[in-house]
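K.L.:
Let the hints inform the model, and build the full structure from the sequences given.
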Amino acid sequence: MSSALDQIFVHGKRCLLSWIAGAPNWLIQIASSLINIVALLAAFLTLFALMSVLERKILGRMQNRYGPNRVGPFGLFQPVADGIKMLIKEDIVPARADKVVHFLAPVVLAAVAILTLGIIPYGRNMTAFAIDGGILFFFAVGSATELAVFMAGWASNNKFSMLGAMRAIAQMFSYELPLIITVLPVVMIVGSLMPDRIVFAQGEYTLGIVPRWFVFTPWGAAAFLLFFVSGLVESNRTPFDVPEGESEIVAGHMTEYSGFKYATFFLAEYLGMFAVSGLAVTLFLGGWHAPVRVLEFVPSYIWFFAKLSALLFVYVWLRATLPRTRVDQMMNVAWKFMLPMAFTCIVAAAIWHYAGRGMHGWLWSLFVIVFVYSALSILLDTRRKFARRVYRFAE
Amino acid sequence: MNGTAFIVISVFTLAGALAAATLPNLMHAAFCLVLALLGLASFFFLLGAEFVGLALIFIYIGAVAVLIVFTILLTRRDSKEHYGFNWSGVFIALAVFAGLTCAVLKTHSISILPPHIRALTVKQIGQALMIGYVWPLQCVGLLLTAALIGALVLVMEEKR
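Going down the list, the protein sequences come from chains A and B. Residue numbering for the first sequence follows the numbering used here, beginning at 1451 and increasing consecutively. Residue numbering for the second sequence follows the numbering used here, beginning at 4 and increasing consecutively.
Calculated from the structure, these hints are not laboratory results. Computed from a predicted structure; not experimentally measured. Do not take every clue at face value.
Selected chain A positions facing chain B (Cβ under 7 Å, derived; list incomplete) [unchecked claim]:
hint, residue
1, 1575
2, 1579
3, 1583
4, 1587
5, 1590
6, 1593
7, 1594
8, 1596
9, 1597
10, 1641
11, 1643
Residues of chain B clear of chain A, computed beta-carbon distances all greater than 10 Å [what the hints assert, rightly or not]:
hint, residue
12, 6
13, 9
14, 27
15, 32
16, 54
17, 57
18, 68
19, 78
20, 103
No residue lacks a Cβ here, since even glycine has one placed at the ideal position from N, Cα and C.
P.N.:
Set out below in structure tokens:
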């Protein structure tokens, strides 16, 4: 019974495919891919709509106000109203803009975000395209984001757009390093770049209660935190929304966009956020595995989306509580703290592996991480008194 | 099936490369170069070399293309002046073409390759890099470190 419920989507797809059972092989392949794509888009566009209203509700709750509550029950139809509003708005393209590139930028951005969603295992046997180099695919495709943001900034022919694009590329480049390097220990321990294998490797339980998720090892916990923060920066969310910076540069690379193109940027931002959180769940939080063995009867995809929602809640929570960081402080943290810590995670993971993956290795890798962390704190002199700020270029 | 895909990708790649070489607007040329690189990566996918194709996208589109675009932006304005026909470019192109043709003609026919190439695992790549090609890897690492330190020295604030 439980396994039938677990595999309900897989069986559904097989049923749909059985209708064209006699067709040539390539037709079945195309139909299979199309079903995957439609399911993926339907699930994540719904999640996007839900997220946009829930985020505003949670923000409202944290700031002691109601949030949207006029459209439909509890304001749940707000995304529909927003969508109609965005569709009927005038689409303004600046006269001096590069029309083609201006149009292509949001399209490329959204396409990249959707592609990266494809490799994440959403449940048992539920990966839209299971390829061997899945993790590499994620980062290879994701790295085109920077180019798309740059296209948006450059094609708008506006100084705020250009500044926003420059900031976006600087921050994405700096944080892509820790983002990728913190994935390496997991790839190293599992010995595969395939997301399904990585989830499979976390499926066991110690003593039947503590799951063997990588987040419960010292290197995994450190890598997870670094990965999460870097992911936050990559998706341009609030504590790190320097490229948009409403109070400084209007809306950054999105300044000259209006109507549905503007909405597409937001769609891409949210899909990127889902993708990075989904990868974090896959790599460190055990993917679709249940936290305790007794709860394994609950379908796997429910566990995945529960973990995903928890991470997304943290995103909203951080947005409600933290002010925007300064550009130079952000860069300093990336290069002087995040990068060395990310490398330390690799070393700690290697020690954990060679000490037999048991209690012994656990303590040793904890020691290495704490040691490097304290050494970095002393070296970077975090308790330094702040010097008087010197303005070099704005006097 | 594969033959058609090969022709489609070739046309796509060549069109991208040609546009990159001829477009007057440098930024457009850079974006077309990205298309050409995407076509090159598709060739690797067609040959079943997934890892190389993804690495190509990752490095060339994710890093090198952004670097090119940035350099264009930081170094020159969009000048409308027309540069004369560049004969040295023709010579270099012909020399490269001749060299590549020689190499292609000397290679044995592709049909002797086994039809199914086993997918590379991370373990094999790691072993190749750490055992067979450890010296080239270390040399490249040293070179990149030197470049990184050089870049740091260039932008370091002078102490007062």
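K.L.:
Hint by hint, where does the structure go against what was stated? Just the numbers, ascending.
P.N.:
1, 2, 16, 17 and 18
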